[in-house]
Amino acid sequence: MSFVVMITGIPGVGKSTITKMALKITKAKFRLINFGDLMFNVAVEKGLVKHRDEVRKLDPITQKEIQLEVARRILSMAEKEPILIDTHATIKTPKGYLLGFPLEVIETIRPDFIVIIEATPSEILGRRLRDLKRDRDVETEEQIQRHQDLNRAAAITYAMHSDALIKVIENHEDKGLDEAVAELVEILDMAVMDHA
Amino acid sequence: MSFVVMITGIPGVGKSTITKMALKITKAKFRLINFGDLMFNVAVEKGLVKHRDEVRKLDPITQKEIQLEVARRILSMAEKEPILIDTHATIKTPKGYLLGFPLEVIETIRPDFIVIIEATPSEILGRRLRDLKRDRDVETEEQIQRHQDLNRAAAITYAMHSDALIKVIENHEDKGLDEAVAELVEILDMAVMDHA
Amino acid sequence: MSFVVMITGIPGVGKSTITKMALKITKAKFRLINFGDLMFNVAVEKGLVKHRDEVRKLDPITQKEIQLEVARRILSMAEKEPILIDTHATIKTPKGYLLGFPLEVIETIRPDFIVIIEATPSEILGRRLRDLKRDRDVETEEQIQRHQDLNRAAAITYAMHSDALIKVIENHEDKGLDEAVAELVEILDMAVMDHA
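If you read the sequences in order, they're chains V, G and E.
Just so you know, we're using my numbering here: the first sequence kicks off at 1 and counts up by one.
Just so you know, we're using my numbering here: the second sequence kicks off at 1001 and counts up by one.
Just so you know, we're using my numbering here: the third sequence kicks off at 2001 and counts up by one.
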């Protein structure tokens, strides 16, 4: 019996805020996992890196081995407690869009839910502009829309290789954060039944 | 020699109407299959359910076994006559979007064509509002667009695992139903050549 | 060590122009491959066809064998020099959209990059109308948008089965071709490091 939720959303959509608020409310006790953190831990254990930035400079084959090791660890964690993976469906890098989860990794983790937080491109643009502290890529609304489109397609492919359900949560200005949080809580609370 | 067409489209797009009209016109003699009906039949045979609503309450592994059994039956039906499967690319459930066809199922059926009936979100919204008899989810145009986007991505994934062609038929108000029906008939008529 | 870039984009987006200009500038010496040309060569060698038009009339199983043979040849070419494949993510045929690369073919070639050239539907429509010499399908902006959407989803599926990065290059009127060319050159120049 295991319960794994992947939560995704492009920068500026409000993913971290909604996740934190939902974890405070949900009756289920989730372990929150940042995939990148775990990759760093594994790479350090293997003596491959000392600093976090070095992970993505490792050769692709080594990176994939690390990803698979992380996937296996998540799988064994999931036997003990429900898991929430804070992650990205695709990552926009200077070289291009990178799938957050290669085929073997998604087939190993097999999440129950892939949650996508979405907002309109203009809402996301506005939030990015207001959030000056964080060093974020300046994108046009067209580019923001494209990134969200690619993430939808990625979610479909992930679902195809894991049987996950895809839950889209809209985080609109006029809707209020509470409603978006409540929708995530509803998904997370299913873990209580599942692990009961 | 077999010929399998999957016809998809979100609620309110006019799929049932177009399908019925096209089946009356086409020169090929198709067997029309509703995937959900067949699943119910198999579940009853196995003594698992008595009422149709119980099927989706079965545990996921059992549901998948039933889906695969249905896929195998469709495959053997397709040896005798051309098959038209009335279905959904993705199904919007309260828990999230569910892929209509898991990987193993699409790899078993291997449809020749995946037809998607599409219309603009405002056309679909209008049709849903006029169609008060049916108990349909109230969605915004944004949500309707998203569902159609997810279906396009799902069709691509299905095509990847079946070599199907993806035929999009637009069912616009100003276009007239006849033209949409004619486009479907053109696909269905290929069965005549194929089974000749 | 190999480096394979697939370049895609729907008719009228400016793919050929950008590709030609980028190949003149890049420091890496690429072999430009047209997948369709190679398929024709293989079919001729096998004594299956005499004219190019005959290739797509071959039965699907034979076509797939030819595609796989082409994929294997590209793989062996890629051991000697960086490869740029000029191709389509999906092909719009009268019967429907066809995936440019079936699963086995993409898993064989495993490109490093999938480049998508994009523009707005109105820009593409305008270019098609001005480009009267070429016999191009007349599409609405809605259809052009749909084709680009399907190509994005196809690129995601290809990336899933190859670990390719997806680079989207916008070719907008007000941006200037030079910038689009420079973005492609940046990708192509990575071959120099790779093959160093």
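Bear in mind the hints are in silico, worked out from the structure with no lab data behind them.
Every value quoted in this text rests on a predicted model; they were computed, and no experiment measured them.
Just so it is clear, CB atoms sit at the ideal spot from N, CA and C, and this is done for glycine as well.
Treat the hints with care, since some could be wrong.
Each pair of labels, with its calculated beta carbon distance range [what the hints assert, rightly or not]: (1) S1122(G) - K95(V): 32 to 40 Å; (2) E2107(E) - S1122(G): 21 to 29 Å; (3) D131(V) - S1016(G): 52 to 60 Å; (4) A182(V) - E1054(G): 28 to 36 Å; (5) K2027(E) - V138(V): 22 to 30 Å; (6) R130(V) - D2174(E): 24 to 32 Å; (7) V1044(G) - I91(V): 41 to 49 Å; (8) D2131(E) - N1041(G): 34 to 42 Å.
In silico lysine-lysine, DSSO-like type, Cα no more than 27 Å apart, as pairs [as the list claims (entries may be wrong)]: (9) K92(V) - K2027(E); (10) K2095(E) - K92(V); (11) K2024(E) - K1027(G); (12) K2064(E) - K2050(E); (13) K175(V) - K57(V); (14) K95(V) - K2029(E); (15) K2050(E) - K2175(E).
Hint check:
1. S1122(G) - K95(V): 32 to 40 Å: holds, 39 Å
2. E2107(E) - S1122(G): 21 to 29 Å: violated, 41 Å
3. D131(V) - S1016(G): 52 to 60 Å: Cβ of D131(V) to Cβ of S1016(G): about 47 Å, so the range 52 to 60 Å is violated.
4. A182(V) - E1054(G): 28 to 36 Å: Since A182(V) and E1054(G) have Cβ atoms about 29 Å apart, the given range 28 to 36 Å holds.
5. K2027(E) - V138(V): 22 to 30 Å: holds, 29 Å
6. R130(V) - D2174(E): 24 to 32 Å: holds, 27 Å
7. V1044(G) - I91(V): 41 to 49 Å: Distance hint for V1044(G), I91(V) holds at roughly 47 Å.
8. D2131(E) - N1041(G): 34 to 42 Å: Violated, at about 54 Å.
9. K92(V) - K2027(E): Roughly 25 Å separates the two Cα atoms, so the pair holds.
10. K2095(E) - K92(V): Distance of about 35 Å is beyond 27 Å: violated.
11. K2024(E) - K1027(G): violated, 54 Å
12. K2064(E) - K2050(E): holds, 18 Å
13. K175(V) - K57(V): Violated, at roughly 41 Å.
14. K95(V) - K2029(E): Holds, at roughly 20 Å.
15. K2050(E) - K2175(E): violated, 44 Å
Hints 2, 3, 8, 10, 11, 13, 15 from the list above are not met by this structure, while the remaining hints are.
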